[in-house]
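Fit chain B to the supplied structure of chain A, relying on the hints for placement.
So the protein lines, in turn, are chains A and B. FYI, in full-length UniProt numbering the residues of the first sequence are 1 to 485. FYI, in full-length UniProt numbering the residues of the second sequence are 1 to 485.
One should not assume that every hint holds.
If several chains are the same, the list does not tell them apart, and a pair holds so long as it fits within one copy or across any two.
Cut-off 30 Å, straight-line C-alpha distance, at most; resulting in silico cross-link-like pairs (DSSO-like, lysine-lysine) [unchecked claim]:
1. Lys148 with Lys386
2. Lys250 with Lys273
3. Lys375 with Lys8
4. Lys148 with Lys100
5. Lys164 with Lys100
6. Lys34 with Lys100
7. Lys386 with Lys299
8. Lys164 with Lys148
9. Lys148 with Lys113
10. Lys148 with Lys375
11. Lys113 with Lys100
12. Lys299 with Lys148
13. Lys375 with Lys299
14. Lys250 with Lys100
15. Lys280 with Lys24
16. Lys299 with Lys24
17. Lys8 with Lys299
18. Lys34 with Lys24
19. Lys375 with Lys164
20. Lys273 with Lys164
21. Lys8 with Lys24
Don't read these hints as lab results, they were simulated from the structure. From a predicted model like this one, the values you see are computed outputs, not experimental measurements.
Protein chains: 2
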Amino acid sequence: MQNLPLYKQLADHYLNAIRCGTLKLGDRMPSVRKLMHVHGVSLSTALQLCRQLETEGWLEARPRSGYFVRQPRRVRLIPAQEPTIGKIIDPAQFVGIHEKVSEIIAQGQRQVKCNLARATGGPALYPHQQLRSLTVSTLRRYPELLTKTITPGGNRELKAALAKRALDSGISTSADQVIITNGCIEALNLALRAVAQAGDVIAVESPTFYGLLQVLESLGMKALEIPTSPSTGISVEALELAMRTYDNIKAVVVVPHLQNPLGSMMPDQHKQKLVALCEKQGIPLIEDDSYSALADGDKIPTALKQWDHSGNVIYCASVHKILAPGMRVGWILAGRWQERVNMLKYAHTRYNEELSQIVTATFLLSSAYDRHLRKLRSSLAVQREKMAEAIATYFPEGTRVTMPAGGVSLWVEMPAGTSSRAVFDAALEESILVSPGLMYSNSNRFDHFLRINCGMPYTQDLDDAMRLLGRIIQHQASSKQHIAA
Amino acid sequence: MQNLPLYKQLADHYLNAIRCGTLKLGDRMPSVRKLMHVHGVSLSTALQLCRQLETEGWLEARPRSGYFVRQPRRVRLIPAQEPTIGKIIDPAQFVGIHEKVSEIIAQGQRQVKCNLARATGGPALYPHQQLRSLTVSTLRRYPELLTKTITPGGNRELKAALAKRALDSGISTSADQVIITNGCIEALNLALRAVAQAGDVIAVESPTFYGLLQVLESLGMKALEIPTSPSTGISVEALELAMRTYDNIKAVVVVPHLQNPLGSMMPDQHKQKLVALCEKQGIPLIEDDSYSALADGDKIPTALKQWDHSGNVIYCASVHKILAPGMRVGWILAGRWQERVNMLKYAHTRYNEELSQIVTATFLLSSAYDRHLRKLRSSLAVQREKMAEAIATYFPEGTRVTMPAGGVSLWVEMPAGTSSRAVFDAALEESILVSPGLMYSNSNRFDHFLRINCGMPYTQDLDDAMRLLGRIIQHQASSKQHIAA
Numbered sequence: 001m002q003n004l005p006l007y008k009q010l011a012d013h014y015l016n017a018i019r020c021g022t023l024k025l026g027d028r029m030p031s032v033r034k035l036m037h038v039h040g041v042s043l044s045t046a047l048q049l050c051r052q053l054e055t056e057g058w059l060e061a062r063p064r065s066g067y068f069v070r071q072p073r074r075v076r077l078i079p080a081q082e083p084t085i086g087k088i089i090d091p092a093q094f095v096g097i098h099e100k101v102s103e104i105i106a107q108g109q110r111q112v113k114c115n116l117a118r119a120t121g122g123p124a125l126y127p128h129q130q131l132r133s134l135t136v137s138t139l140r141r142y143p144e145l146l147t148k149t150i151t152p153g154g155n156r157e158l159k160a161a162l163a164k165r166a167l168d169s170g171i172s173t174s175a176d177q178v179i180i181t182n183g184c185i186e187a188l189n190l191a192l193r194a195v196a197q198a199g200d201v202i203a204v205e206s207p208t209f210y211g212l213l214q215v216l217e218s219l220g221m222k223a224l225e226i227p228t229s230p231s232t233g234i235s236v237e238a239l240e241l242a243m244r245t246y247d248n249i250k251a252v253v254v255v256p257h258l259q260n261p262l263g264s265m266m267p268d269q270h271k272q273k274l275v276a277l278c279e280k281q282g283i284p285l286i287e288d289d290s291y292s293a294l295a296d297g298d299k300i301p302t303a304l305k306q307w308d309h310s311g312n313v314i315y316c317a318s319v320h321k322i323l324a325p326g327m328r329v330g331w332i333l334a335g336r337w338q339e340r341v342n343m344l345k346y347a348h349t350r351y352n353e354e355l356s357q358i359v360t361a362t363f364l365l366s367s368a369y370d371r372h373l374r375k376l377r378s379s380l381a382v383q384r385e386k387m388a389e390a391i392a393t394y395f396p397e398g399t400r401v402t403m404p405a406g407g408v409s410l411w412v413e414m415p416a417g418t419s420s421r422a423v424f425d426a427a428l429e430e431s432i433l434v435s436p437g438l439m440y441s442n443s444n445r446f447d448h449f450l451r452i453n454c455g456m457p458y459t460q461d462l463d464d465a466m467r468l469l470g471r472i473i474q475h476q477a478s479s480k481q482h483i484a485a
Numbered sequence: 001m002q003n004l005p006l007y008k009q010l011a012d013h014y015l016n017a018i019r020c021g022t023l024k025l026g027d028r029m030p031s032v033r034k035l036m037h038v039h040g041v042s043l044s045t046a047l048q049l050c051r052q053l054e055t056e057g058w059l060e061a062r063p064r065s066g067y068f069v070r071q072p073r074r075v076r077l078i079p080a081q082e083p084t085i086g087k088i089i090d091p092a093q094f095v096g097i098h099e100k101v102s103e104i105i106a107q108g109q110r111q112v113k114c115n116l117a118r119a120t121g122g123p124a125l126y127p128h129q130q131l132r133s134l135t136v137s138t139l140r141r142y143p144e145l146l147t148k149t150i151t152p153g154g155n156r157e158l159k160a161a162l163a164k165r166a167l168d169s170g171i172s173t174s175a176d177q178v179i180i181t182n183g184c185i186e187a188l189n190l191a192l193r194a195v196a197q198a199g200d201v202i203a204v205e206s207p208t209f210y211g212l213l214q215v216l217e218s219l220g221m222k223a224l225e226i227p228t229s230p231s232t233g234i235s236v237e238a239l240e241l242a243m244r245t246y247d248n249i250k251a252v253v254v255v256p257h258l259q260n261p262l263g264s265m266m267p268d269q270h271k272q273k274l275v276a277l278c279e280k281q282g283i284p285l286i287e288d289d290s291y292s293a294l295a296d297g298d299k300i301p302t303a304l305k306q307w308d309h310s311g312n313v314i315y316c317a318s319v320h321k322i323l324a325p326g327m328r329v330g331w332i333l334a335g336r337w338q339e340r341v342n343m344l345k346y347a348h349t350r351y352n353e354e355l356s357q358i359v360t361a362t363f364l365l366s367s368a369y370d371r372h373l374r375k376l377r378s379s380l381a382v383q384r385e386k387m388a389e390a391i392a393t394y395f396p397e398g399t400r401v402t403m404p405a406g407g408v409s410l411w412v413e414m415p416a417g418t419s420s421r422a423v424f425d426a427a428l429e430e431s432i433l434v435s436p437g438l439m440y441s442n443s444n445r446f447d448h449f450l451r452i453n454c455g456m457p458y459t460q461d462l463d464d465a466m467r468l469l470g471r472i473i474q475h476q477a478s479s480k481q482h483i484a485a
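Only chain A is shown next, with the shape it has when bound in the complex (with noise of 0.2 Å):
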């Protein structure tokens, strides 16, 4: 932060004094002559700083008497806006969404200081020796895994550990069923090539993750959004409203738990009325399930393949974002394309490598996976927590952000009209790195929109990067009213 201009360093300095109770709520800030003595600056320096800790909320100027420490403002910890069902329904488009993003995951992939554009935790929340001595051992217990022919159809004792292991989502099934994938957008990039073509329409939620815009891109598929609300998930009637406009949907992807940026958790009653529909529609259903272990709670949420009776729901799911990062270990119950995408998955890239397979399978059926998930939870939670305290802290008035219950992003609305795009520019500048709401759907409804990472523990850079980010925004949001007005 040495880069800062000397105004905005003394404000960090006054700013700290107010957070550490130095200078306490209705206290006096020095007079700005007396700033220019202490701290040898010019006027317009001094008047500055003042201004700067003015805008954020932290000093009031009083007529005639100085600046005086503030409550400040606090935002409201209340879910981003329900969308609004019941209105026509977008028409389906090509996506043409990497167009729009590939220039900003390109600039994502720079080194920067503080990255909050990610959708995993930090590498201090997984196993990492653990699995790193897992590796070594069974290195020792099959000396030629790396040498000879991979098992086909994926290692045994993985697709049994995750066949167990699904249970405890509610779903029944057996290691024959579980197609081992290169992570889950392998495992949602075959599911949609087994039921559906190029051109056909796909309904996604909206705001959906650009991954699966992406995919369906690159696979020439259309994207119909649906209204997806923060807490509950997609709209089941306006889903039905959808199906009954377009007589083409081929398919509905949905994250029931944890969605992916919302948070946002689908009730049970919701998942049932959701496959009911599908299945008395002929409409393959398929359902991301990466984060539902990220869940607040000891009980993982039930998938909506649990209420699936005629194979119509394909499940896909991945240890990325729970056990590890850098391994590339996602799976997939194919339902009635189980042979279909059995096809399609030795036609697309053979097997996976079976080293990560086999330490996955022995981490996953250990206890030390339970131990793992309720840390993992809990530093979550706490991380969490901290990112929108810090949220509420520093950035303007008008934000709005949901507190999901689980998970490793927020989802954040900034005040009306300010630019995710301009927020990334600037943000980058800084080398703090976010992810743009626009990303998230064909239509501009989310361009104010920012997913921001709470993966990573809360330490004083953080701290530090949160509330330059914040001040960005503010810039944003008043040079926007700025030029509205």
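Below, chain B alone, put in the same frame as chain A:
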């Protein structure tokens, strides 16, 4: 082999005596009466024994004198037949290969005593100890490798190492141009998806690797099979003719070196003509160069890509066959489709796991890699020789076999009319897995061929299996003649 009928066990006993010189050329075989007495077997068993060895060509019956050891027939070690060029090319067809071979692939996933269906060497041919210790040291060097987010865009060290090694194939490229994939099969998928769509016609070699036909089928593309010579590879003349006949060919896929299954090597002049033809016609040329490092001699053959001046050649390869069948490290140089392939790879499977990328990079950059290749090539040369010898010795008259200048497979033409499917079934009964010719084409042109792996050291067990396989083919070939007569 304890399960063999008694007469076959005894036939093996006498065959050994013949092969080690105890019974010499022209020697009289013990009489049937003596065989009955010595082995305590029935007349019928003794007769069956002699007839078996007669059928296999080791004995000849002389009227009223009994059986005598004869010079066995030897299979001609000449290439399988050259294709007929100039005739009308088969119409392009939607590949129906998966249905045709899925059952064969599924059956081939059983544990067998002798697997001759692989297209890789046995594990002993690859540096498993070195790769293992590199894995362990890599984890020591990057303790959080399994749990931190994967470096975007593929591991830099590996991309640099591959660019450097590509120089040996005459390719001048940079690390930036290298896109890492899950094996060569993902590279082929991405290349095809970059340049063509469902319904498009793709020109392929005939015979060609069934994996490629499956990829085309899974993408809804049509295969146009171009006659391909067992010695010089795809016929550029036939391809030119096809391009005149069909105006909708969207890509050409070629394995210029050690073609799978033929083992053919394109002469440099053909390669240049092919590159120029495709460029002139504006048809993308996809090169699968998975095997070239297995070619005899110290010079790696020059890739098609070397003659590519317009970015019209997409180069695909992997370390699967040459370094580690258990690792899924492939790569692609996508020419003028670089950006599109990058996007497709990201949407397809994100990035490969980093552990095997770093291990591969480290090994490729060491001199151990050159030593490994030299050893691998010379082991394969010995093993190919032994297998060809076994085929010459045990397979029935009328068999032809190509001796490729490198690689892990022999392409065997059985006597006309012999069904490779029947041989596959009968061999599997004996726990021997072969790769039937019918998998390598949509036509029935190769139904009497087998691809035989020669990646394993030639042991007594393997010799037993080859002898048994020879008998099976003999049986199928003569039963076919029987039906024909």
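Results of checking the hints against the structure:
no.: 1; hint: Lys148 with Lys386; result: between (48 Å within a copy, 22 Å between copies)
no.: 2; hint: Lys250 with Lys273; result: within (18 Å within a copy, 45 Å between copies)
no.: 3; hint: Lys375 with Lys8; result: neither (38 Å within a copy, 65 Å between copies)
no.: 4; hint: Lys148 with Lys100; result: between (43 Å within a copy, 27 Å between copies)
no.: 5; hint: Lys164 with Lys100; result: neither (41 Å within a copy, 34 Å between copies)
no.: 6; hint: Lys34 with Lys100; result: neither (50 Å within a copy, 88 Å between copies)
no.: 7; hint: Lys386 with Lys299; result: within (24 Å within a copy, 61 Å between copies)
no.: 8; hint: Lys164 with Lys148; result: both (28 Å within a copy, 26 Å between copies)
no.: 9; hint: Lys148 with Lys113; result: between (41 Å within a copy, 16 Å between copies)
no.: 10; hint: Lys148 with Lys375; result: between (37 Å within a copy, 17 Å between copies)
no.: 11; hint: Lys113 with Lys100; result: within (25 Å within a copy, 55 Å between copies)
no.: 12; hint: Lys299 with Lys148; result: between (40 Å within a copy, 26 Å between copies)
no.: 13; hint: Lys375 with Lys299; result: within (14 Å within a copy, 55 Å between copies)
no.: 14; hint: Lys250 with Lys100; result: both (25 Å within a copy, 28 Å between copies)
no.: 15; hint: Lys280 with Lys24; result: neither (63 Å within a copy, 78 Å between copies)
no.: 16; hint: Lys299 with Lys24; result: neither (43 Å within a copy, 78 Å between copies)
no.: 17; hint: Lys8 with Lys299; result: neither (46 Å within a copy, 64 Å between copies)
no.: 18; hint: Lys34 with Lys24; result: within (18 Å within a copy, 116 Å between copies)
no.: 19; hint: Lys375 with Lys164; result: within (21 Å within a copy, 45 Å between copies)
no.: 20; hint: Lys273 with Lys164; result: within (26 Å within a copy, 57 Å between copies)
no.: 21; hint: Lys8 with Lys24; result: within (20 Å within a copy, 100 Å between copies)
Comparing the model with each numbered hint stated earlier shows that hints 3, 5, 6, 15, 16 and 17 do not hold.
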